[in-house]
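Undergrad: Relying on the hints, combine the two individually framed chains into one complex.
Protein sequences appear in the order of chains A and B.
Letter by letter, the first sequence follows residues 2 to 489 of the working numbering.
Letter by letter, the second sequence follows residues 311 to 585 of the working numbering.
Bear in mind the hints are in silico, worked out from the structure with no lab data behind them.
Simulated DEER-style distance windows between Cβ atoms: (1) B:GLY329 <-> A:GLY263: 50 to 60 Å; (2) A:SER428 <-> B:ILE332: 56 to 66 Å; (3) A:GLY201 <-> B:LEU326: 54 to 64 Å.
Covered by chain A, according to a simulated footprint, are these stretches of chain B (three or more residues, beta-carbon under 8 Å): (4) 347 to 353; (5) 379 to 389; (6) 452 to 463; (7) 545 to 551.
For clarity, every value in this text was computed on a predicted model and none was experimentally measured.
We treat Cβ as the ideally placed atom computed from N, Cα and C, and that holds for glycine.
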Amino acid sequence: MATKSLGNPFDADTSLTHTNDCSCRLCQAESVNPGGLSDDQRLALLEQQAEQGEGHSQSAKAGGMSFDSSDDLLDRAVESAIVRGVFGHNDTSRRNFIRLMGGGTLATVLGSMIPLEKVKAAVKESMGPLEKTKLKVGFVPITCATPIIMAQPMGFYAKYGLDVDVIKTAGWAVARDMSLNGEYDASHMLTPMPLAMSMGAGSTATPYIMPAVENINGQAIVLHNKHKDKRDPKQWKGFKFGVPFDYSMHNFLLRYYVAEHGLDPDQDIQIRVVPPPEMVANLRAGNLDGYLSPDPFNQRAVFEKIGFLHILTKDIWEGHPCCAFACSQKFATEMPNTYAALFRAIVDATHFSAKAENREEIARAISPKNYLNQPEVVVRQVLTGRYVDGLEEKIYDVPDRIDFDPFPWHSMAVWILTQMKRWGYISGDVDYKKIAEQVYVASETGKVMEELGYTPPATTYKKHIIMGKTFDYNEPEEYINSFAIKRV
Amino acid sequence: MASLNMKATLLSLLLLLVGLGIWEAMNQAPAASTGLSEYERMMGGADQEARVPPPSQVFSHAWDELSDPFYDAGPNDKGIGIQLAYSLYRVLTGYLAAALIAIPLGFVIGMSPLMHKALNPFIQVLRPISPLAWMPLALFIIRDSEGSAIFVIFICSIWPMLINTAFGVANVRTDWIKVARTHELSPLKTAFLVILPAAAPTILTGMRISIGIAWLVIVAAEMLVGGTGIGYYVWNEWNNLDLNSVIFSILMIGLVGMLLDMTLAAVTKLVQYED
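Bound conformation, chain B alone (with noise of 0.2 Å):
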């Protein structure tokens, strides 16, 4: 087993540094050109074609932004630490108040039919809307951007803990509430005692939903409407069509959202059962 690992880890190294290495080959500049004439400096230089930039530059870039992660140096050039907290904030924001929501509506929808049935239409028609469709709408009724980037991850976030919760939540066995029944416990009690935790698995994995597709999003929203955030530094960087500056985010973006992912998995894993 241990061997299988350690080879699955070397072969995606090697694939790794054989990607990179055509990266690397493929886009090299070519020599830096000295003693350009004004007429080329205006031009932007002799290189005929821009191009991507090799991993070589993208590192090197790497490495400069984040060595300083938090400098402000004005309203609209901060730092990608920064940035990646802003955007996190927001998240977070329009996430925890989407599960306060959602969690305890989806145990009303799994337990009562009848309110399942008179909700079900609701949520059928308002769960497939794209989240940032609402964006003009809730800058028009919020009137604040901050405001209606939380309502846009919020929007987007509530239906998969929702719709996650209420499965969960109405597919209890139902030996399980009998007993409880026999017990005499009270209706808020079991579902305390017994159905909560015996949904929980499903209502997190609901919650991972979540958090991804509000990760997704949030870039997305920062790209509309600016000001801070990851999504604001990508569409400042790409202003400037500064690639390099691009991939950067990109892997940072990717990074964090695995973060975020990891930590609702390794919360799931706490709550789950063997039947």
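Next up, chain A with everything else stripped away, as it sits in the complex (with noise of 0.2 Å):
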């Protein structure tokens, strides 16, 4: 188990403010000179890093520090935090202290100061044993799996005491399938397929949970470079678009903007089902003539130079969800402590996403092959916003275009179960609040937020605003209702 910022604190030779196999300069001189270096040397390796532009990232390859079990990591973790603590977390002095006066000293006076070990069993009886460590994770290998995916090289489900393989998987029916097998603990799916498929609808019901949202916005409508002069919608009968599965916001936002259009999304144009890495190769043989597809693929298209950005969905609808990390109802309450330490490795690391300044690592550490298996370069633009829209010669700079936020709000399941009974996916009467309370666990998922320090909404309703058109989430069948194309 590699496991970040670990290292023993009651060691003068080892930082705690670097991962303990990091490959920074500083942290590779150190482990060559065991006497430490000098202050001028320190000074020297920093401005040479600074110059190069280096992180001190964890090296690609797993290794460093094993614990025999999660119990070990976890009384390592109080310690660490202890001392940190008490040297007030400057690491220069506790390592200087350490130097002085040994660190069995200072191990000694603290436990005389604070009872450790009853700190460290106080700290397990919250968490608790996990009852599992190895587990696996479906993904489809697409920007919005970032948080799923570079919390396994980037170490963050490791943090947790979990030894995930993240699964790359060919499409979101085989996604739904395998969760359903329990072949994965969790998945990464669509915000609507936890409610769909608790519904049953488009599949057996299951009750299934969504602790977190994964992204917002980041994604767009792609079409065919031989459509350059279609910009108006109006113009697109008889295309045909692809979407990645039925129960997707790709599906119900194209829908919406069409509509929206005066388009009737199942008379004038025609919908697939594609799933998200055949789409580049469909649009390139003329089997679509657009589609509205998480990236990296609408990026890949303009890479192509097969296609272009003709709008981002954030310019449909700011802020609007995407995916999302869901498992089923019966994984978290066998579960319970397992299902824990999942979930705050994945809130933890959506909010690791959202930061600008950690995109380019990211783009890094998910583009080989083992992830999503696409060039860094079309990577770092979606997730950077520093991207070219493959119509005019010029690079726009939208640092938003993808953003991370874990909180799913209630309001937003509802609005998708608008949509899912006005385009005639369910019918009847629902009810909308009971069902996304049910599956959008958005209490616990503020709980985890606070916990681990991010402030999470005072409320879980909100009022959304699509194409300028607000979305009230008391009046959902008068929402419905105020639509002029509808199959109600």
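TA: Structure below.
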């Protein structure tokens, strides 16, 4: 188990600010000079590093420290936190102190002042031992899954004592079946999927929960280059569009978008389900005129000079949810501690992904074959929002082209349900709020966010504005009836 | 005779070289442009259109892959050798399970006209079903992607073996069976000592057809469920629109399929007899 930032706090030669198998110049130099470095040497190295723009990411090779059990790992985490606290989180003074007095002295002194064993026991009680540490989490290779994927190479799962294999999946139907089978403990899904699965729309009804949204925004409508002159959706009659899945935000946003422009998505255009990885090949073959799909396949179409970005979905609904992290109710009930650890790892990773300064590093971590298998330059354009659109010879800067926010708003679930009803995926009376609250466990997400030091929103419902039209979550039926084009 | 073989080989080589030469010449990438601007790099280079990679690129890529066929860089990135091994394991498991059922059942159908008539409608309905059509049902019932892939192989390889066995057994020369009867051999002994050797060439032909179909189907099945195997490898490289790897894997699939076929052809030769 490779573990970040859990070096022995009683050792003067271990830095607690860097990971223990850190590849930065400072750590490399320290590992060859066991005697330590002089302050001047340190400064010189740091300057070199800053000039080269290198970070101190964990080296790609897993390795470093191993713990015999999750208990040992927790012990170390507690010791580390207390020692850091005592020295006011100043690693230099901690190391100087230990050089002078010895790590053993520090341990004894601390032990006499703080009941370390009791603290450790209390921490373990609140977490409980993990029922299972080796997990399989499915993902579809798209940038929406960024937090789920990068939590593996960047050590977020390991930080919570989990050994997670992230398994690439060919499409949403397979991801759904693998989750229903129990082959995956949890999976990357689309935000409407757990709602549909819980209601038995398009599958057998199985109670699913969605603890966290992965990304907001980050999709786009792409058109084939031959349609460069057809930028008005009214000219799209007879077009064939691809969406990744029936129960996807992509499908609902595309339907909403064309309907607002007066086209009936069932009559005037054709919408086909195409797994995201196959979008570009189908666009090239002329099988599709365009698609509303997850990235990196929008940017990849531009990169391959096959298509152009017609509109980013953030310009349809600013802050719309897209992909989610979901698991069965059964997994959460039968393995509460494992579920809690996985949940925390995901929330933590999602917040890390939300920070613009981490995006380039993430693009580097998730582009290789084992994860997205895409050219890094494509993934970087998506994640940093510094991109080209295939239309004009200029570079755009839209930092929130894709963003990450784990909070599963109940009002978003209600919106999704209204669209499922609007287009005839579900019928009859729908208890919107009840289903939303049962599947999107927002209060739990709020608690976890708080524990990890983030601020959750105070409410779980809010008003959304989609293409200038306000959605009132209190009046779902009236909302549906307000549309001219619908199937009810 | 020897000179004819020699000439044929020479001609094959010549055709190959001409073919590769044309392919190489038609797909030359424009001279590597250095010093791309940031815009050009984001647009995927100055080259206006993506093209099929020339054979020299495919071969150099094949060399890279084949020089380290068993690397394992995580659950979604394994060497070509490991992927082929996964596919072969699935094919052989499904195939052997099919053989275990098809050959005895084929004997029963071939020896008993009653069973033949009774089972024939089922066989005729089930046989033409595309094996991949079973996949969603298999995933739902077996609840395991590995098991489902093996089941699909099983179901596609069972029919040629079953039908060929039944046909071979039914067409053993009646004289031979009569001779066995005059020697007062038990039905079981007749089956093993007379019918089996007599029908063996037909049975093996069925087995040879089956392994060919199984190898065709595994690629499609693995593209569908993903995870591991040569089909997944093709799919994963398709995601990345990496034609080098796709062409390389097409060659590998052909090569392994040929080896499987040659193995069964060699076994068929062992049981061949002259009337």
